[in-house]
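Chains as they are written, first to last, in my numbering: chain A, 1 to 110; chain B, 1001 to 1111.
Honestly, the hints are just simulated from the structure, not real lab data. Errors might be hidden in some of the hints.
[Unchecked claim] One side of the interface only, derived from the structure: several residues of chain A facing chain B at Cβ under 8 Å:
| # | residue |
| --- | --- |
| 1 | C12 |
| 2 | G43 |
| 3 | P76 |
| 4 | N96 |
| 5 | Q97 |
| 6 | F98 |
| 7 | G103 |
Where a beta carbon is used, it is the ideal one built from N, C-alpha and C, also for glycine.
Each chain, letter by letter, is given below.
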Amino acid sequence: DAKTTQPPSMDCAEGRAANLPCNHSTISGNEYVYWYRQIHSQGPQYIIHGLKNNETNEMASLIITEDRKSSTLILPHATLRDTAVYYCIVRDIFGNQFYFGTGTSLTVIP
Amino acid sequence: EAQVTQNPRYLITVTGKKLTVTCSQNMNHEYMSWYRQDPGLGLRQIYYSMNVEVTDKGDVPEGYKVSRKEKRNFPLILESPSPNQTSLYFCASSYSTGELFFGEGSRLTVL
């Protein structure tokens, strides 16, 4: 499975959109992009995933570039409870290993 | 309620004393895996299992054993724990092609 690169930390003002980037330049055609977040030392929580098309659910939106080498997770109206570490992962549809890396620590500022 | 349950949640032990961290899921998932999390190193995979009696090494398997005799259970065994295995451990499960569901974590300290 390909690996990902994320900025180590970001700040976002409460109520504004948080845009978290991820580079996955070696992604292959059958690999999905997944996003998880971890609040304090709790178990990571699934947010969203996609293959080629942009995706949206009740938590976030996922924008994947046309060449699929990067993606952006968008939290449309960040709240203080969105302060967490966000992980971008790529996984083959039949893949066995998830490489979480060190993620992006997002701090939402009042 | 769909969940992944780990026990114990907290454990302090001594070097060389065998211990087992249990993991159980109630979602009939085929795939289960163990991770350890250390400051600055993120989540690293220890072992995973694609189904009953099928297990394989992840990135950091040294010092650990696992078994998958039943679909719902995937215990992590430390035969002779050492201080460098002090860490926060997570168990996770999923359908073969789905997202991972994580347990609440087990914080292990080896003295």
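- Query: Can we keep the G103/A interface hint, with Cβ of chain B closer than 8 Å?
  - Reply: This interface hint holds because 6 Å falls under the 8 Å limit.
- Close enough to count: is the Cβ of P76/A nearer than 8 Å to one in chain B? violated, 21 Å
- Item | Given hint C12/A near chain B, where the shortest CB pair must fall under 8 Å | Status violated, d = 21 Å.
- Task: So, N96/A near chain B? Judge it on the closest CB pair being under 8 Å.
- Result: At about 6 Å, which falls below the 8 Å cut-off, the nearest Cβ of chain B leaves the hint on N96/A intact, so it holds.
- Agreement of hint Q97/A with chain B interface, Cβ distance less than 8 Å: Constraint on Q97/A satisfied, holds at 6 Å.
- Item | Restraint satisfaction for G43/A [CB to CB of chain B, less than 8 Å] | holds, 3 Å
- Identify whether the interface hint at F98/A stands, where standing means a beta carbon of chain B within less than 8 Å of its own. Holds: closest Cβ of chain B sits about 7 Å from F98/A, inside 8 Å.
In this structure, the earlier hints numbered 1, 3 are contradicted, and the remaining ones agree with it.
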